[in-house]
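Undergrad: Sequences and hints are given; from them, build the entire structure.
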Amino acid sequence: MITAVRTPESLAAAVGHAAAGGRLMAGGTVVMAQVNSGSVGSPELVSLRRAGIGGISLDGSAARIGATTTLAEVEESPELAFLRDAVRSIASPAIRSLATVGGNLFVPQPYGDLAVCLLALDATVEIAGPDGSREVPVDVVLANGVAPGEVVTAVRLAVPAPGTWFYHKAMRRKLNSAAIVAVAAVVGTAGGVVTSARIALGGVAPRPVRAVSAEGVLIGRPLETDVLDEAGRAARGDIEPFDDAYASAWYRARVLPVHLRRAFLG
Amino acid sequence: MASQVVNLRVNERSREFLAAPGTSLLSSLRDALGLMAAKRGCAQGSCGTCTVLLDGRPVMSCLVAVETVDGASVRTLEGVARDGELDEVQAAFLEGFATQCGFCTAGMIMSAEALLDRNPDPTREDVVEAISGNVCRCTGYGPIVDAILDAAARRRP
Amino acid sequence: MRYKTNPIDRTYFADEPAEDFNVIGSVVQRSDALGHVTGRTTFFEDLSPPDLLHVKMHRSTRHHARILGVDLTDALAVPGVVRILTHADIPNNVFTPLKLIGVQPDDEPVLAEGKVRYLGEPICAVVAETEAAAYEGAARVRVDYEELPAVLDVEEALAEGAPIVNEYHGNNYFTYEGHHCRRIRFGDVESAFAAADHVFEWRYQSAPIEHAPTETTGCIVVPQPDGRLRIHSDTQACFFTLDNTALILGTPFNKLRIVGGTVGGGFGGKVDIAVEPVACVAAMLTRQPVKYVYSRYEEMQVSSPRAAERIYIKDAVMADGRITGRKITLYVDAGAYSRHSPYGTTKAAAHLPGPYSIPNVWADCHCVFTNRTPSSAMRGFGVTIGDFALESQMDRIARELSMDPLRLRLINAYRDGDMKAHRKVAEGTALVEVIQKAAEMVGHELPAEYRQMSSMDRASMDREGR
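Protein chains in written order, with the UniProt record's numbering: chain A, 1 to 266; chain B, 1 to 157; chain C, 1 to 466.
Treat the hints loosely; a few may be bogus.
Unchecked claim - Residues from chain C shown here face chain B by an in silico Cβ test under 7 Å; the list is partial:
1) Ala33
2) His36
3) Gly39
4) Asp46
5) Ser48
6) Ala212
7) Thr214
8) Gly264
9) Arg296
By construction, these hints were calculated from the structure, which means they are not laboratory data. All figures in this text were calculated on a predicted structure; none of them were measured in a lab. Where a beta carbon is used, it is the ideal one built from N, C-alpha and C, also for glycine.
TA: Given below as structure tokens:
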């Protein structure tokens, strides 16, 4: 049973409550669902809603997105327009006006499509804790989470150059459904061949994963059907698919190459 | 920790009430304020029957810890009719047979209000996206989408 | 926007007086729609009586197990927990909802007694001052189990040596007037198979289907000053629920009053007396209003779905498309308890062999007990899955014969005056005309002799069609 809900008005106070054992909550879309079913582990909740860690700022192509920035705010941001399709593939409007960028790093797959994007974007995560703050690559947070008492305060990313951003999500329904396969990628080309590639996959492992095998296939070759099919087959080596109500592990692996190809060729 | 006093501006009226720790906005509206239009369908943010506008945005009110939004402004279906007159969305739902069991209706209408507040001239696709979090298990989506488009037309000068 | 209606094709109603058509084809506003669009419709949960207590259930974590012990100590220690009900608190704990129409035996405990027969079966009801305390209490109930082998497949349940699911029946099937299944015997199917040009046999099956109403199953019971209980429920069957609840409580019917009829989606899923008896007992024992409503998880896990079915159909078919014999073995997975499935299985049998005149029919329809969630009513239950199987069978036969599937159906469609397999004479069939009209509307061409067929003229069809 919940005995206290804290709504600290500063980051320091939030870190203090978190360090004292409170369960952090940003948009509440995960934690409140547990509260409502009597299954939240902690008696104390710490809301980040008023901790002053929201907002989007841009310096050239370097973007900083505060942790409590909602998905709806990202969706509406002209600076982050490249993420709009990805964000609109997540849940529904009434969830996107609550769910946050920071919270998205901590939801279990096959949810957390924005985290897949951040992995492809090689984002950096700013973390504040009782012993000061640190910055770590997003893959570290996706793999290990943060320490007790730590609070994610922002993510930093470079807005990709025009024509280098790719996103595609396969779902059971066109809207408001979890990923069967999500593909996010930053791929640069020159002279008709791929010169750089970062591909992240969602829905196909317990956490978002890099498709490093697929990246290797693409480098030095054109973004064409047969090359992408080969990359998609190679990507099966990078995944640990699972069964859930949306799709079987077998199906996820089976359709991965199709959706990897569609991310680039439509 | 004891219950907290929470202040909300609900349907243009200031309301003050006590909330036990962990109480959702939905429970507060229903149990503390007696506003029963928003429904509990899943308490998991999956069905949309509890959709209300929080500071102008549609939210699943079952997922909002009410203590964390002290001072906010909330709009529910009870606040949609003006001086007893149905608004355009309500009238379009009524005349377009967009209700069956009625359990999803409050959430559907609030999602529609949120859409039309921001986008007075939506396409059919915009409407479908706006209600993508609202489940109608009687499968009456066709008339609901039609009604929202009709409401937009009624509202245009 | 104006709601549009389609014009009525009155060809088949030529004898009806025109003034009788004053509703069909006109726009009639729903009486409840204004309440819905203003949020004023009152569903059961829109009631907020003072001192309301909340019930949450501790449920079985096993498919099939003996209950060795139940420890309520930790649960009762949770602040706010008022009382915990077990089977001993329910006056007539074992029931079956269709006893009202004579179906027996009573085979289902309101709260588990001695053993559990499906995952999620209710064992103890925790009554608390808040929903959170009720959840916490339910989580702290400790049940000691001795696991029993579970059977989760209908044919395995009927096999020799299968574990007995429901001792009240003694077998893993419902007994119909001394028979192990509902049967149809009409003509001689074996002779039909021997004389047929083709024999086709295929198997069909379905999974359970959950109604998933947006409003979950629930009720609020409010004790009245005169000693009666007022039950606010989303049951689809107010008086069926009231009578069953009274029998379980061992109380005269007039001591209960039910307020209902406003249902946030039912689809057949809210007729099982799932919550009212426990809420009534809790209200009687505490003398306070009590709410017992399923969470979404409970609605998905334990509310009764449409039964899974498995259906084998073997047909004797002549080269011209006439079906001369149909043999059907049908299994309805009732889950652990009868609920409405004995009736659903009878409906399945009554629906066979489909709307076709087949001179030789044999059917065995089994209502089978397994350790799965009890199944029950849902929109056309007993009939829907059978139709899926029967019509799939018709399409597959047509494909095998390289024949137009509509013509195959027109040849075999029942006509007024035909003797059906249940030895009732068919009347008002209209199937021939419906197929003809549907074909016309979708531009599916039929030869003249098929367009001239009539459901009211078997002789002309025999003359021209066969």
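Undergrad: Holds or violated: is there a CB of chain B closer than 7 Å to the CB of Gly39/C?
TA: Holds: closest Cβ of chain B sits about 3 Å from Gly39/C, inside 7 Å.
Undergrad: Less than 7 Å between beta-carbons is the criterion; does Asp46/C satisfy it with respect to chain B?
TA: 4 Å, holds
Undergrad: Tell me if Arg296/C is really an interface residue toward chain B, meaning its C-beta lies closer than 7 Å to one of theirs.
TA: 4 Å, holds
Undergrad: Are Gly264/C and chain B close enough, Cβ to Cβ, to be under 7 Å, as the hint says?
TA: Result: holds, 3 Å to nearest chain B Cβ.
Undergrad: Please check whether Ser48/C passes as an interface residue: C-beta within 7 Å of a C-beta belonging to chain B.
TA: Holds. Min distance 6 Å.
Undergrad: Using 7 Å as the Cβ threshold, decide whether Ala212/C counts as touching chain B.
TA: Check passed: Cβ of Ala212/C comes within 6 Å of chain B, closer than 7 Å.
Undergrad: So, Thr214/C near chain B? Judge it on the closest CB pair being under 7 Å.
TA: Nearest chain B Cβ about 4 Å off; hint holds.
Undergrad: The hint names Ala33/C as touching chain B; please verify it with the least Cβ-Cβ distance against 7 Å.
TA: It holds, given that the least Cβ distance between Ala33/C and chain B is near 5 Å, below 7 Å.
Undergrad: Using Cβ atoms only, decide whether His36/C comes closer than 7 Å to chain B, and label the hint accordingly.
TA: 3 Å, holds
Violated hints: none; the structure is consistent with every hint.
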